[in-house]
Amino acid sequence: MEKFFSVNEQGVSIHCKIYCEDMRSIKRVVLFGSGFGGHKDTRAASRLAARLLKRNKSIALIAFDWPCHGDDASPQLRLEVCDHYLSVLLGYIRKRFRTEELYGTATSFGGYLYLKYIYEHGSPFKKTVLRCPAVNMYESLTSRIITSDEIETIEKGRPAQVGFDRKIRLTRDFLTDLQKADITTWDFSPYAADITIIHGDKDEIIGHDTDWFFAEENGITFHTVENADHRFTDPVKMDLAIKLIVEGLGLN
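The opening position of the sequence shown corresponds to residue 346 in the working numbering, with each subsequent residue numbered one higher.
Hints listed in this document are in silico derivations from the structure and should not be mistaken for laboratory results. Among these hints, one or two may not hold up.
Claimed, not checked - Simulated crosslink set (PhoX-like; lysine-lysine; CA at most 25 Å straight-line): (1) 588 <-> 471; (2) 399 <-> 501; (3) 399 <-> 372; (4) 402 <-> 348; (5) 372 <-> 525; (6) 472 <-> 588; (7) 588 <-> 547; (8) 525 <-> 501; (9) 372 <-> 471; (10) 471 <-> 461.
To be verified - Derived Cβ-Cβ restraints for the label pairs, each shown as a range: (11) 493 <-> 566: 33 to 39 Å; (12) 514 <-> 353: 19 to 25 Å; (13) 538 <-> 574: 25 to 31 Å; (14) 517 <-> 346: 42 to 48 Å.
A virtual CB, placed ideally from N, CA and C, is assigned to each residue, including glycine.
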(Lines of atoms letter the chains of each structure in order from A; the text may use other names.)
(Lines give C-alpha, C1' and ligand atoms only; values in the text may rest on other atoms or scores of the structure.)
Protein backbone atom coordinates (compact mmCIF):
# COMPACT_ATOMS: atom_id res chain seq x y z
CA MET A 346 0.00 0.00 0.00
CA GLU A 347 1.23 3.48 -0.91
CA LYS A 348 -0.56 6.60 0.27
CA PHE A 349 0.08 10.35 0.23
CA PHE A 350 -0.91 12.33 3.31
CA SER A 351 -0.09 15.56 5.13
CA VAL A 352 0.77 16.28 8.74
CA ASN A 353 -0.87 19.59 9.67
CA GLU A 354 0.34 20.55 13.12
CA GLN A 355 2.13 23.37 14.90
CA GLY A 356 1.74 25.81 12.05
CA VAL A 357 3.19 23.63 9.29
CA SER A 358 1.92 21.26 6.61
CA ILE A 359 4.35 18.41 5.91
CA HIS A 360 3.69 16.42 2.73
CA CYS A 361 4.40 12.70 3.18
CA LYS A 362 4.14 9.34 1.49
CA ILE A 363 3.75 6.10 3.43
CA TYR A 364 4.55 2.58 2.28
CA CYS A 365 3.08 -0.25 4.35
CA GLU A 366 1.07 -3.46 4.19
CA ASP A 367 -1.61 -2.56 6.72
CA MET A 368 -1.92 0.71 8.66
CA ARG A 369 -3.29 -1.20 11.63
CA SER A 370 -0.30 -3.52 11.96
CA ILE A 371 2.52 -0.94 11.94
CA LYS A 372 4.96 -1.39 14.82
CA ARG A 373 8.19 0.04 13.39
CA VAL A 374 8.64 3.11 11.21
CA VAL A 375 11.57 4.04 8.95
CA LEU A 376 11.70 7.78 8.25
CA PHE A 377 13.26 8.58 4.85
CA GLY A 378 14.81 12.02 4.26
CA SER A 379 15.63 13.06 0.70
CA GLY A 380 18.54 15.21 -0.47
CA PHE A 381 18.75 18.80 -1.68
CA GLY A 382 16.04 19.45 -4.25
CA GLY A 383 14.57 15.97 -3.74
CA HIS A 384 11.03 14.96 -2.84
CA LYS A 385 8.96 12.33 -1.02
CA ASP A 386 8.00 10.37 -4.14
CA THR A 387 11.51 9.21 -4.96
CA ARG A 388 12.45 5.89 -6.51
CA ALA A 389 15.09 5.32 -3.84
CA ALA A 390 12.42 5.41 -1.13
CA SER A 391 10.13 3.13 -3.15
CA ARG A 392 12.86 0.52 -3.69
CA LEU A 393 13.91 0.56 -0.05
CA ALA A 394 10.29 0.21 1.07
CA ALA A 395 9.77 -2.79 -1.22
CA ARG A 396 12.81 -4.49 0.31
CA LEU A 397 11.71 -3.75 3.88
CA LEU A 398 8.07 -4.79 3.44
CA LYS A 399 9.06 -8.03 1.74
CA ARG A 400 10.72 -9.10 4.98
CA ASN A 401 8.40 -7.67 7.64
CA LYS A 402 4.73 -6.71 7.33
CA SER A 403 4.77 -4.62 10.52
CA ILE A 404 7.21 -2.05 9.09
CA ALA A 405 6.23 1.22 7.42
CA LEU A 406 8.46 3.62 5.51
CA ILE A 407 7.50 7.29 5.50
CA ALA A 408 9.14 9.71 3.08
CA PHE A 409 8.50 13.45 3.31
CA ASP A 410 9.22 16.82 1.73
CA TRP A 411 11.63 19.16 3.47
CA PRO A 412 10.71 22.87 3.47
CA CYS A 413 10.79 24.26 -0.11
CA HIS A 414 11.09 20.72 -1.52
CA GLY A 415 8.55 18.65 -3.45
CA ASP A 416 5.04 19.98 -2.83
CA ASP A 417 6.03 22.13 0.13
CA ALA A 418 4.98 25.78 -0.08
CA SER A 419 7.50 27.38 2.31
CA PRO A 420 8.77 30.71 0.94
CA GLN A 421 12.46 30.08 1.66
CA LEU A 422 14.75 27.43 3.09
CA ARG A 423 15.93 27.84 6.70
CA LEU A 424 17.70 25.31 8.90
CA GLU A 425 15.48 26.01 11.91
CA VAL A 426 12.38 25.24 9.84
CA CYS A 427 13.89 21.94 8.66
CA ASP A 428 14.54 21.11 12.30
CA HIS A 429 10.96 21.99 13.20
CA TYR A 430 9.57 19.79 10.42
CA LEU A 431 11.56 16.84 11.71
CA SER A 432 10.41 17.41 15.30
CA VAL A 433 6.75 17.68 14.27
CA LEU A 434 6.93 14.59 12.07
CA LEU A 435 8.62 12.47 14.74
CA GLY A 436 5.99 13.51 17.28
CA TYR A 437 3.21 12.67 14.83
CA ILE A 438 4.63 9.20 14.11
CA ARG A 439 4.97 8.37 17.81
CA LYS A 440 1.40 9.47 18.50
CA ARG A 441 -0.25 8.10 15.34
CA PHE A 442 1.35 4.64 15.45
CA ARG A 443 1.94 4.43 19.20
CA THR A 444 5.54 3.37 18.77
CA GLU A 445 9.06 4.35 19.79
CA GLU A 446 10.48 1.92 17.22
CA LEU A 447 11.78 4.65 14.92
CA TYR A 448 14.60 4.25 12.39
CA GLY A 449 16.15 6.91 10.18
CA THR A 450 17.69 6.92 6.73
CA ALA A 451 18.53 9.91 4.59
CA THR A 452 20.60 11.07 1.66
CA SER A 453 22.95 14.02 1.11
CA PHE A 454 21.36 17.23 2.53
CA GLY A 455 18.86 15.04 4.38
CA GLY A 456 21.78 13.23 6.00
CA TYR A 457 23.25 16.56 7.11
CA LEU A 458 19.91 17.58 8.64
CA TYR A 459 19.53 14.23 10.46
CA LEU A 460 23.03 14.53 11.94
CA LYS A 461 22.40 18.12 12.99
CA TYR A 462 19.15 17.06 14.68
CA ILE A 463 20.82 14.14 16.45
CA TYR A 464 23.58 16.35 17.84
CA GLU A 465 21.23 19.10 19.01
CA HIS A 466 18.38 16.98 20.38
CA GLY A 467 19.74 13.47 20.89
CA SER A 468 18.95 10.68 18.48
CA PRO A 469 15.26 9.83 18.02
CA PHE A 470 16.25 6.73 16.05
CA LYS A 471 17.24 3.26 17.17
CA LYS A 472 19.49 3.09 14.12
CA THR A 473 20.43 5.69 11.52
CA VAL A 474 21.85 4.92 8.06
CA LEU A 475 22.95 7.76 5.80
CA ARG A 476 23.85 7.57 2.12
CA CYS A 477 26.39 10.20 1.04
CA PRO A 478 25.52 12.62 3.86
CA ALA A 479 26.59 16.20 3.11
CA VAL A 480 28.62 16.64 6.29
CA ASN A 481 30.30 19.64 4.65
CA MET A 482 27.03 21.02 3.28
CA TYR A 483 28.18 24.62 2.96
CA GLU A 484 31.27 23.71 0.93
CA SER A 485 29.41 21.20 -1.24
CA LEU A 486 26.61 23.67 -1.95
CA THR A 487 28.82 26.64 -2.77
CA SER A 488 31.47 24.77 -4.74
CA ARG A 489 29.47 22.11 -6.60
CA ILE A 490 25.80 23.11 -6.72
CA ILE A 491 25.45 26.90 -6.72
CA THR A 492 26.76 28.57 -9.87
CA SER A 493 29.01 31.62 -9.77
CA ASP A 494 26.15 33.78 -11.06
CA GLU A 495 23.86 32.51 -8.29
CA ILE A 496 26.50 33.17 -5.63
CA GLU A 497 26.94 36.70 -6.98
CA THR A 498 23.18 37.25 -6.75
CA ILE A 499 23.09 36.01 -3.14
CA GLU A 500 26.10 38.11 -2.14
CA LYS A 501 24.25 41.17 -3.47
CA GLY A 502 21.50 40.44 -0.94
CA ARG A 503 19.00 38.93 -3.34
CA PRO A 504 17.68 35.33 -3.25
CA ALA A 505 18.72 32.88 -5.97
CA GLN A 506 16.86 29.87 -7.35
CA VAL A 507 19.25 26.92 -6.93
CA GLY A 508 19.11 23.17 -7.44
CA PHE A 509 18.32 20.19 -9.62
CA ASP A 510 14.80 18.74 -10.02
CA ARG A 511 13.18 21.66 -8.20
CA LYS A 512 14.83 25.03 -7.77
CA ILE A 513 15.17 26.11 -4.15
CA ARG A 514 15.09 29.78 -3.11
CA LEU A 515 18.28 30.43 -1.15
CA THR A 516 19.37 33.56 0.71
CA ARG A 517 22.53 34.85 2.35
CA ASP A 518 20.98 34.01 5.74
CA PHE A 519 20.71 30.34 4.80
CA LEU A 520 24.34 30.16 3.71
CA THR A 521 25.40 31.92 6.92
CA ASP A 522 23.43 29.41 8.97
CA LEU A 523 25.16 26.55 7.15
CA GLN A 524 28.57 28.07 7.90
CA LYS A 525 27.72 28.32 11.58
CA ALA A 526 26.32 24.76 11.76
CA ASP A 527 29.51 23.05 10.59
CA ILE A 528 28.85 19.52 11.81
CA THR A 529 32.34 18.36 10.81
CA THR A 530 33.56 20.13 13.96
CA TRP A 531 31.00 18.48 16.28
CA ASP A 532 31.53 15.31 18.32
CA PHE A 533 29.20 12.51 17.25
CA SER A 534 31.05 9.74 19.08
CA PRO A 535 28.26 9.34 21.70
CA TYR A 536 25.90 8.31 18.86
CA ALA A 537 28.40 6.49 16.64
CA ALA A 538 27.41 2.93 17.58
CA ASP A 539 23.98 3.46 16.03
CA ILE A 540 25.01 5.31 12.86
CA THR A 541 26.17 3.89 9.53
CA ILE A 542 27.39 5.86 6.49
CA ILE A 543 27.36 4.52 2.93
CA HIS A 544 29.24 6.39 0.21
CA GLY A 545 30.20 5.88 -3.42
CA ASP A 546 33.82 6.49 -4.30
CA LYS A 547 32.82 8.25 -7.54
CA ASP A 548 30.56 10.80 -5.83
CA GLU A 549 30.78 14.05 -7.79
CA ILE A 550 28.86 16.19 -5.24
CA ILE A 551 29.93 15.09 -1.75
CA GLY A 552 33.55 14.00 -1.49
CA HIS A 553 33.95 10.34 -0.51
CA ASP A 554 37.07 11.10 1.53
CA THR A 555 35.31 13.89 3.43
CA ASP A 556 32.66 11.49 4.69
CA TRP A 557 35.25 8.78 5.35
CA PHE A 558 37.32 11.14 7.52
CA PHE A 559 34.19 12.31 9.37
CA ALA A 560 33.26 8.69 10.09
CA GLU A 561 36.80 7.83 11.21
CA GLU A 562 36.97 10.83 13.55
CA ASN A 563 33.69 9.86 15.21
CA GLY A 564 33.96 6.06 15.17
CA ILE A 565 31.04 5.65 12.77
CA THR A 566 30.68 2.51 10.63
CA PHE A 567 31.52 3.37 7.02
CA HIS A 568 30.91 1.41 3.80
CA THR A 569 32.39 2.33 0.42
CA VAL A 570 30.47 1.30 -2.69
CA GLU A 571 32.94 1.16 -5.55
CA ASN A 572 32.17 3.10 -8.74
CA ALA A 573 28.94 4.57 -7.34
CA ASP A 574 28.12 8.22 -8.08
CA HIS A 575 26.20 10.60 -5.82
CA ARG A 576 22.75 9.47 -6.90
CA PHE A 577 23.71 5.79 -7.25
CA THR A 578 22.32 5.89 -10.78
CA ASP A 579 23.59 2.37 -11.50
CA PRO A 580 20.73 0.05 -10.38
CA VAL A 581 23.24 -2.59 -9.26
CA LYS A 582 24.98 -0.07 -7.00
CA MET A 583 21.63 1.12 -5.67
CA ASP A 584 20.63 -2.46 -4.85
CA LEU A 585 23.86 -2.85 -2.88
CA ALA A 586 23.21 0.42 -1.06
CA ILE A 587 19.70 -0.73 -0.16
CA LYS A 588 21.09 -4.01 1.17
CA LEU A 589 23.56 -2.09 3.33
CA ILE A 590 20.82 0.28 4.55
CA VAL A 591 18.60 -2.60 5.62
CA GLU A 592 21.52 -4.30 7.40
CA GLY A 593 22.54 -1.04 9.08
CA LEU A 594 19.01 -0.48 10.33
CA GLY A 595 19.01 -4.00 11.74
CA LEU A 596 15.83 -4.81 9.82
CA ASN A 597 17.17 -7.56 7.55
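Evaluated hints:
| no. | hint | verdict |
| --- | --- | --- |
| 1 | 588 <-> 471 | holds (18 Å) |
| 2 | 399 <-> 501 | violated (52 Å) |
| 3 | 399 <-> 372 | holds (15 Å) |
| 4 | 402 <-> 348 | holds (16 Å) |
| 5 | 372 <-> 525 | violated (38 Å) |
| 6 | 472 <-> 588 | holds (15 Å) |
| 7 | 588 <-> 547 | holds (19 Å) |
| 8 | 525 <-> 501 | holds (20 Å) |
| 9 | 372 <-> 471 | holds (13 Å) |
| 10 | 471 <-> 461 | holds (16 Å) |
| 11 | 493 <-> 566: 33 to 39 Å | holds (37 Å) |
| 12 | 514 <-> 353: 19 to 25 Å | holds (23 Å) |
| 13 | 538 <-> 574: 25 to 31 Å | holds (29 Å) |
| 14 | 517 <-> 346: 42 to 48 Å | holds (44 Å) |
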